[in-house]
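*Asks:* Listed here are the chains, written in short residue letters.
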Amino acid sequence: MDKATEIRSAAGDRVLHKGNFLKAVWAVVWKDLQAEFRSRELFSAMLVFSLLIILIFNFALELDVKTRQSVTAGVLWATFAFAGTLGLNRSMAIEKDRGCLDGLLLAPVDRSAIYFGKVISNLAFMLIVELIVLPVYSVLYSVNLFQPGLLLVILLGSIGYVGVGTLLSTMSVQTRTRDILLPILLFPVVIPVLLAAVKASSGFLANADWEEIILPLNLLIAYDVIFIALAFMVFDSVVEE
Amino acid sequence: MQPKPLALRILDIVALIVLGIATYMALNAPTERVMGEVQKVFYFHIGTAWTALLGFILAAVFSVVYLVTKDLKWDRLQVAAIEVSLVFFLITIVLGSIWARPAWNTWWTWDPRLTTAAVTELIYVAYFMLRQGIDDPDRRARFGAVYALVGGLSAPITFFAIRLFRTIHPVVIGGTNPEADGGFSMTADMRTAFFFGLFAFTIIFIDLFWNRIRLGDLQEKVEQLKLKVSM
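Chains A and B supply the protein sequences, listed in that same order.
Under our numbering, the first sequence has 219 at position 128, and the numbering climbs by one with no breaks.
Under our numbering, the second sequence has 35 at position 18, and the numbering climbs by one with no breaks.
Excised from the complex, chain B in its bound form (with noise of 0.2 angstroms):
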């Protein structure tokens, strides 16, 4: 078995620093004024928010490319980043379920984001259960990037369809929604804390994808031994 790579190791580390350090900077940044101490929940809600979808873009800019090459390889890559991605999606949920319950009041509204949030939480799930149930790899190489094809399209459709309706989802960034709800501006100091926070979650999931890929390119080892051994 080969020793992991150096490189990864430090940024094993290095995404350990940063996350304590986001976690000092949120809890050290400016309490926000009419929503307190449950504000906070932001600084990692966007972090993780951002990084899930990229991962999910990635999963199916690889499912076209393993579709054309049929190179397992993409494959490896496309469960590595659906897998994280499930992973701080869910996280992106709960935390915002957190902050919603004061500042909306409740834990749960069907607005296009949190809609969307959960019917792509469900695709991805059914991503796994597709694989799950399919034994030779090649077919669930293709059959894993079909799907994961048609629902990368069909989760941002899915977000136009419910945007028919309206919105109280506030948009921190760069938006002006009169009917958001729970919306502010953010200080010098919150700034720092919130794209510190984007940064420290780009870099921890770079590191989970990257330990994610090794595992897999692992695992697909040793079904090889696996298959030399039964021979």
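The following block holds chain A by itself, in its conformation from the complex (with noise of 0.2 angstroms):
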């Protein structure tokens, strides 16, 4: 091959690969779906799970009326954070017991393409979750949490902590303490997300000045941006064999 066929040939690649890369996320995300509505066991497990431990919140803090209104925020995302690693850990754990990773690495696309689809199925599943909380809590509890602001936090929380958790959780079910490793590995990281969360959250519900709610949100988004960022660039050392 001449040197301008093998330019031309390898510029043809790349204008395939660009298609091709969301393509690819799309098929791991439409895969994982898929998976999941066939046998509901992540979703299932995580809603569950949340539900649970509204309910021991209201044991654990007595939830009265005086009471909610400072704690609401923090409950509802000291829940996500716990449904979360279920969840991250189980998604990652199905991957690699089946061998399915292995599967997905053969694949002739970008390894960062497995990582943004892994991000999104996480991220829906997720979210359906969250979904479902919000208006059981709202009931349960009678305050309203459907707010658009709350909504919003609600999904760059997610997007931070998720886009963390899959990169963490492909490492920690590679190793020999992978049922216990995720949570440890990812909550003192995680901090921040958490914080700005609960913050911005508590700010809408209490119709907090905006000044006051902008510093956490602008922080959730630095923070989504930095990581996704970040695991972007390492995944493949995450993965590779």
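The hints are simulated quantities; they were obtained by calculation from the structure and are not laboratory data.
Everything numeric in this text was worked out from a predicted model, so none of it was measured.
Errors might be hidden in some of the hints.
As the list claims (entries may be wrong) - With a cut-off of at most 20 angstroms between alpha-carbon atoms, the simulated DMTMM-like pairs for lysine to aspartate or glutamate come out as follows:
#  : chain 1 : residue 1 : chain 2 : residue 2
1  : B       : 245       : B       : 153
2  : B       : 90        : B       : 100
3  : A       : 187       : B       : 100
4  : B       : 243       : B       : 155
5  : B       : 90        : B       : 155
6  : A       : 187       : B       : 153
7  : B       : 243       : B       : 153
8  : B       : 243       : B       : 152
9  : A       : 114       : A       : 201
10 : B       : 90        : B       : 153
11 : B       : 87        : A       : 331
12 : B       : 238       : B       : 88
13 : B       : 87        : A       : 188
14 : A       : 187       : B       : 152
15 : B       : 245       : B       : 155
Stated by the list, open to error - Quick list of the computed label-pair ranges, beta carbon to beta carbon:
#  : chain 1 : residue 1 : chain 2 : residue 2 : range
16 : A       : 223       : B       : 216       : 53 to 63 angstroms
17 : B       : 44        : A       : 271       : 38 to 48 angstroms
18 : B       : 223       : A       : 227       : 50 to 60 angstroms
C-beta: ideal position from N, C-alpha, C; glycine also.
Got two chains here, each in a separate frame; can you build the complex from them with the hints?
*Replies:* Written as structure tokens, this is what we have:
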């Protein structure tokens, strides 16, 4: 092959590759959603677990009217964080158990496509669970949680949480202590997300000034961008054999 | 087995000597008027804190270098830096707690620095738990590097996130926070003791770091010999 054809074919590969990237991401997402739609094991476990956590908080904190106002945001985020690890762990463990991860890695696509696919499907599970927990919580404690601002915070917080969580769960399922390791790895590094999300959520719930809310909101966006970019860069070295 | 290099042996002795001098200077520095003797904790508190942070930053740098070069040497450097820093940071927290009891009337508060310190300590404990669960040295190094990078980025963000709230931690050097509690200004003698403390702990850190790297190299050699015997 002469040099000109070589360059041309490399350029052609790249054009092809760009279209393929989104297709590959979508394929991973679709595969996860379809598998979940058939078994429903991950979703039902996450949902029941989150309802149980809310129940436990009810007894642990004596959620009467006065306490409720100050702790609602905290209870919600603690619930999402705990239920989230359950989902992240399971979603990656399935890939590892049945050798699916090796199959995915053999596919001739960029590895980061696998990462983004897993992030989107994990995010979808988490958001669905959150969308069910919110009305349940609203009914149980008669607070209106369906406010656009709060939903935005939940979306941004979940993106950050799942973005880091997917990277870390990919590592944790490949270790000997895989059942217990994920929360230990994940919680200390997502503290900024939880902190900012709780602050912004309680700001929205208390109808606080925009100035008070914008700071944690910016922090959430910054965290999401930084950590998804980092995960994108290092994901290769986490799945490499 | 190769003997300890001469330079390292000399450094060992120097580290011991400077530790002795730093202790002497801290004990003989003027006693602070309000807090009294307990303020002397400060000379070691800052020394261990600064070297521990230095080690964590070095570890994040080694992560990047390892992920680019894939040379296990950088992994050994990273483990050494994190291990020594973890111990130094624990000492910082304990010393701070001893000081806080009389100065703030509590062992612990959820101040940004204290909280970040606790979170950072937990991140690097998790780092060692992650490494322990992996047998393959290459994978262990890769995962360790990735996690040290994630943790090294998240710790400063945690600090700024908690800074959204108030702080009562005093900033003795170049800081004025009217809300801070337990701040003071230093006399010339105190300043000498303080800077000598920083210097001493830097030397001690380098010495321990070097010893730990040597230990890592020896471990690596033992592993290789074991492999050779079993084959």
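*Asks:* Check whether the Cα positions of residue 87 of chain B and residue 188 of chain A lie no farther apart than 20 angstroms.
*Replies:* violated, 28 angstroms
*Asks:* Do residue 44 of chain B and residue 271 of chain A keep their Cβ atoms within the hinted range of 38 to 48 angstroms?
*Replies:* Holds: the Cβ-Cβ distance is about 45 angstroms, inside 38 to 48 angstroms.
*Asks:* What's the verdict on residue 187 of chain A and residue 152 of chain B, does the C-alpha distance respect the 20 angstroms limit or exceed it?
*Replies:* holds, 17 angstroms
*Asks:* Would you say the C-beta atoms of residue 223 of chain B and residue 227 of chain A sit inside 50 to 60 angstroms of each other?
*Replies:* holds, 57 angstroms
*Asks:* Quickly compare the C-alpha distance for residue 243 of chain B and residue 153 of chain B to 20 angstroms and report which way the hint goes.
*Replies:* Holds, because 15 angstroms separates the two Cα atoms, which is no more than 20 angstroms.
*Asks:* Checking one constraint from the list: CA of residue 238 of chain B to CA of residue 88 of chain B, max 20 angstroms. Satisfied?
*Replies:* Distance of about 15 angstroms is within 20 angstroms: holds.
*Asks:* When you check the alpha-carbon spacing of residue 245 of chain B and residue 155 of chain B, does it fall within 20 angstroms?
*Replies:* holds, 18 angstroms
*Asks:* Is residue 90 of chain B close enough to residue 155 of chain B, meaning Cα to Cα at most 20 angstroms?
*Replies:* Roughly 11 angstroms separates the two Cα atoms, so the pair holds.
*Asks:* Next pair to validate is residue 90 of chain B with residue 100 of chain B; report whether the Cα-Cα distance is within 20 angstroms.
*Replies:* holds, 16 angstroms
*Asks:* Within a Cα-Cα threshold of 20 angstroms, do residue 187 of chain A and residue 100 of chain B meet the stated pairing?
*Replies:* Outside the cut-off at roughly 31 angstroms; violated.
*Asks:* Is residue 245 of chain B within 20 angstroms of residue 153 of chain B, Cα to Cα?
*Replies:* holds, 16 angstroms
*Asks:* Quickly compare the C-alpha distance for residue 243 of chain B and residue 155 of chain B to 20 angstroms and report which way the hint goes.
*Replies:* holds, 17 angstroms
In terms of the numbered hints stated before, the structure departs from hints 3 and 13, listed from lowest to highest.
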